[in-house]
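Chemist: Protein sequences, first through last, are from chains X and L.
Just so we're aligned: 9 in my numbering is position 6 of the first sequence, and the numbers increase by one with no gaps anywhere.
Just so we're aligned: 103 in my numbering is position 100 of the second sequence, and the numbers increase by one with no gaps anywhere.
FYI, nobody ran anything at the bench for these hints, they're computed from the structure.
One thing to keep in mind: the hints can contain errors.
[As the list claims (entries may be wrong)] Simulated pairs of lysine-lysine, DSS-like, Cα-Cα distance not exceeding 30 Å:
no., chain 1, residue 1, chain 2, residue 2
1, L, 107, X, 195
2, L, 89, X, 20
3, L, 91, L, 119
4, L, 28, X, 195
5, L, 34, X, 421
6, L, 132, X, 253
7, X, 253, L, 34
8, X, 188, L, 107
9, L, 89, X, 253
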Amino acid sequence: MANEVCFRTLESAAPWKLDEYRKAGGYEMLTKILKQQTPPDEIIEQVKVSGLRGRGGAGFPTGLKWSFINRTAPGDKYVVCNSDEGEPGTFKDRDILRYNPHQLIEGMIICGYVIGAVAGYNYIRGEFWEPYERFEEALEEARAAGLLGNNILDSGFDFELHSHLGGGAYICGEETALLESIEGKKGQPRFKPPFPAMFGLYGKPTVINNTETLASIPVILSQGGEWFRDLGVENSGGSKLFSISGNVNKPGNYEIPMGTPFSELLELAGGMRDGRKLKAVIPGGSSAPVIPGEQMMQLNMDYDSIQNAGSMLGSGAVIVIDESHCMVKILERLSYFYYEESCGQCTPCREGTGWMYRVVRRIEHGQGRMEDLELLDDVAAKIAGRTICALGDAAAGPVASFVKHFREEFEYHIKHGKCMV
Amino acid sequence: MSLQVDKSTLFPAQVCAEIDKWIAKYPSDWKQSASMPALRIVQDHNDGYLTNELMDKVAAYLDMAPIAVYEVASFYSMYEHSKVGKHKLCVCTNISCMINGSDKIVDHLDEKLGIKFGEVTGDGKFSLKEVECLGACGGAPMMQIGEKYYENLTPELIDSILKELE
């Protein structure tokens, strides 16, 4: 059971073309909805039943998010797709844009119909030029086929859809920073509430979802919410794209049911490279706390299973680390990343990320002190929960978990001024 | 005192046309939304970097305060504020690339080009930039040159890529 949702057309010759997508039943759901004028509440109900949760990393129930919009309120409303994909380890949305752009477009139009939106924007990270061009071609095809614009398929529904390109800023993956960025500002997250459902893009009610989330919608509606839910396990409906990278033989994206044992995913990815032993796994993008390899081999790839092990499923980016790598060096690089990408708005994150990076760096370079380990825990604890957005928590999680699970490597570095691996 | 500028004289016609295409995507009272694409387009037409004069022109073109444009141009990492090489090599060194040997890739590039991150070769042909995760970890180690991603890099592959770019 694989490739049933976002990757269902992956095997066809040119799955990004409109006619190929139509051959696979593409745009039939949208046509049916517009023809029958399906009540939006019925669509939201199916999405709720499906158990679909935000695939960008936060895992918020999608149907619930859509239901927060007051569709009868006067004024414009917007659908925004988050294709900013910047969480280290994550590379699934790039493949949706490249190989199944029409399913994303169909999902966005359906969302627009449900909430009564006038327009949608797909925020694609600036470095994704080739995926952006592919998406633009698909938009052109959809426009020419009357699937976008005024009076779509003679239904009286008007909806425009555009791309917006980012400029290189991890923080813009945070939904309110992304909205600021579309408004032509630096991407600093907004204080919440008000949430985007009330005050979103241009101050209007807005639904903002991840690429994979929106691209899943047409299939969920055509197969039914229960079908999707039953692909997965309790609290984790459906299948999901897992981006597996690091020290495996066949890194790549695998669309498999939620709840699949990690050991099976590792096997799909060809197992460990060069016969090396599994040391650690970061199961949901670099912001997810690290899990020791032995423990990971007992876990399943679903929200609850990973959360109960003290980490999070996040974006489904699985980074596999073998025994030949030094955990201090890896943490030094990750700490640098959060220091580099902190937007500078909140003091605990702006100052704390730099502080953590400098402390890990001095440990890595043989100038650490034993009390630095407590210091790292202390700084991490004082960032977490004290910032406007989740970047602070994301920076603190790796530090605390690396020190907790691989303390002996940090101690060895401090005592001997060098690496134990 | 406000100066009325004929906006079409701020940039070459082709640049104006490209920016106008982006302005049309946003609500008419939100021209500012086009500041990011405008900066990118202007940068592309200026050998890959921005100057104060160009940022001021973008501000004038979009009816923005210059400071608002500087904020955007200095916040996002893809905007450059000094000369870059004709080919800007953006090398990812984040976790998945790192544990797949990006250090060796960086060393090879340093040696081959005789420059470090942030530097430009004497002939202006190449510059090196360290970048954060570019979302292609399945092909680690990787780099971006211009619009294109190069994945599963090896020293040999780098040699042939550089040769093609000569």
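Chemist: Of the numbered hints stated earlier in the document, which are not met by this structure?
Modeler: As far as the earlier hints go, 1, 2, 5, 7, 8 and 9 are violated by this structure, in ascending order.
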